[in-house]
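Student: Sequence:
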Amino acid sequence: MANPIQSFDSLTDLAQHLHKQIAEKNKKVTLIFAHNGTGKTRLSMEFKELGKERDENGEVTARDTLYFNAFTEDLFSWDNDLENDRERVLRMNTDSAFFDSLDELEMENRIRPLLQRYADFDFQIDYAQGTIRFWRETTKNADGEDEPVPIKVSRGEENLFIWCFFLAVAQLAMDGQEVYSWVKYLFIDDPISSLDENNAIAVAAHLAGMLKEQNRLRAVVSSHHTLFFNVLCNELSNPWRFFLSCEGQGWQLRDTGQTPRFYHVAMLKELHAAEQSGQLYTYHFTILRSIMEKTATFHGFNNIGDVLKREPDDEDGTLHFRYVQLLSHGNYSLYEPTEMMEENKQIFRKILKKFMKDYRFNPELFPEAEAQETAA
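Under numbering that gives the first Met the number 0, the first residue of the sequence shown is numbered 0, with each subsequent residue one higher.
Mixed in with the good hints there might be a few duds.
Simulated restraints, written as ranges between beta carbons of each label pair [unchecked claim]:
no.	residue 1	residue 2	range
1	48	215	43 to 53 Å
2	3	121	41 to 51 Å
3	19	246	15 to 25 Å
4	325	19	42 to 52 Å
5	324	272	21 to 31 Å
6	95	318	19 to 29 Å
In silico lysine-lysine, PhoX-like type, Cα no more than 25 Å apart, as pairs [what the hints assert, rightly or not]:
no.	residue 1	residue 2
7	352	308
8	24	183
9	47	24
10	26	183
11	353	308
12	183	47
13	51	26
14	151	139
15	139	27
16	51	27
17	26	211
18	24	51
19	183	211
20	151	211
21	47	26
22	183	51
Read the hints as simulated data drawn from the structure, not as lab findings. Only a predicted model underlies this, so the values are computations on that prediction, with no experimental measurement involved. Think of the CB as a built atom: it goes at the ideal place given N, C-alpha and C, for glycine as much as any other residue.
Start from the sequences, fold in the hints, and give me the full structure.
Tutor: Shown next as structure tokens:
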């Protein structure tokens, strides 16, 4: 794609362009950053429609894209047992081809290891009824056997389960399992749209690992989440990176290359807002490190140590580099983000302010905290 900015009159035209380019260039992963409301979900639907073949009656006879978006989440809905208020289950819309032959593939054993990376609840799928029930605890029944105590999981946990369900299906397609041998493309749109900020690192890193390990499928991932997007950029080997925007009645696709400044600045704004509010968590060091890595690349430095240490005898820069190296690694809980200790908050503020001073950004993008108004 020699032209860094290309315009399209419709999302159909854009989808056709992507589909053709990915096939011709055999590009393994394409990443698209776009703000909410731009048309990412509609683009994913246009893309999957391109791979469908139909007979003379309009019936679909072949397809090539396995997709995840808001419509995938809509394949699952809650039955809250309004009559007895006890057996709450998540129902699967088994009319969808998404669920074809899953009962033969031991999906519980495929989903459970994925889910256990993030959650503390268990589940069971009833394929005949098309339902899923969840529990955290068990109790002894009259026969002395363990029996699950059914629960309704939270919306975030539900979305996480559906995401792991999709990942298990995607892994089958990556492995070339016969039922999913038709899949040539994955199109994943905002898989963490309803999850907390600190989920981004774990989910993006895991997805990137899966995509790197396989060579059978071509993948497109779109998101409005700056941290999620940036982790994918860092973890994957030379993906295509694009910024999608809606311009008037059309759309523009900008190739951001190796300097994706749009989400770079957006992430810095998130850090500045967190610093101003005082709500600083351990994963904020990982975001800061990511921004510094992009800055080092842009300015031609070898690593972030050169960004932090401006002079050979800069002791503060050397110390700050060690702090960033140490505090940007670790495990990140999905539901219990770890707040920084006060000492680390002070270190973070000092490093962030020095970085923003040394590499000057537009100050209008980073307003200082407004003084609290005194009640009359």
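Student: Run the distance test for residue 24 versus residue 183: straight-line Cα separation, threshold 25 Å.
Tutor: holds (14 Å)
Student: Does residue 24 sit within 25 Å of residue 47, going by the straight-line distance between their CA atoms?
Tutor: The hint holds at about 19 Å.
Student: Is the Cα-Cα distance between residue 183 and residue 51 25 Å or less?
Tutor: Holds. Residue 183 to residue 51 sits at ~12 Å (cutoff 25 Å).
Student: Are residue 183 and residue 47 close enough, with their CA atoms no more than 25 Å apart?
Tutor: holds (11 Å)
Student: Between the alpha carbons of residue 26 and residue 183, is the straight-line distance 25 Å or under?
Tutor: holds (12 Å)
Student: Please verify whether residue 151 and residue 139 have alpha carbons no more than 25 Å apart.
Tutor: Distance of about 20 Å is within 25 Å: holds.
Student: Take a quick look at whether residue 51 and residue 26 sit within 25 Å of each other, Cα to Cα.
Tutor: Holds. Residue 51 to residue 26 sits at ~21 Å (cutoff 25 Å).
Student: Taken at face value, is the distance from the CA of residue 27 to the CA of residue 51 at most 25 Å?
Tutor: Distance ~21 Å between residue 51 and residue 27 Cα, so the pair holds.
Student: Is residue 353 close enough to residue 308, meaning Cα to Cα at most 25 Å?
Tutor: Within the cut-off at roughly 11 Å; holds.
Student: When you take the CB atoms of residue 324 and residue 272, is the distance between them in 21 to 31 Å?
Tutor: holds (24 Å)
Student: Is residue 24 close enough to residue 51, meaning Cα to Cα at most 25 Å?
Tutor: Holds. Residue 24 to residue 51 sits at ~21 Å (cutoff 25 Å).
Student: Please verify whether residue 151 and residue 211 have alpha carbons no more than 25 Å apart.
Tutor: Cα-Cα ~35 Å, so violated.
Of the numbered hints stated above, those contradicted by the structure are hints 1, 6, 15 and 20, listed in ascending order.
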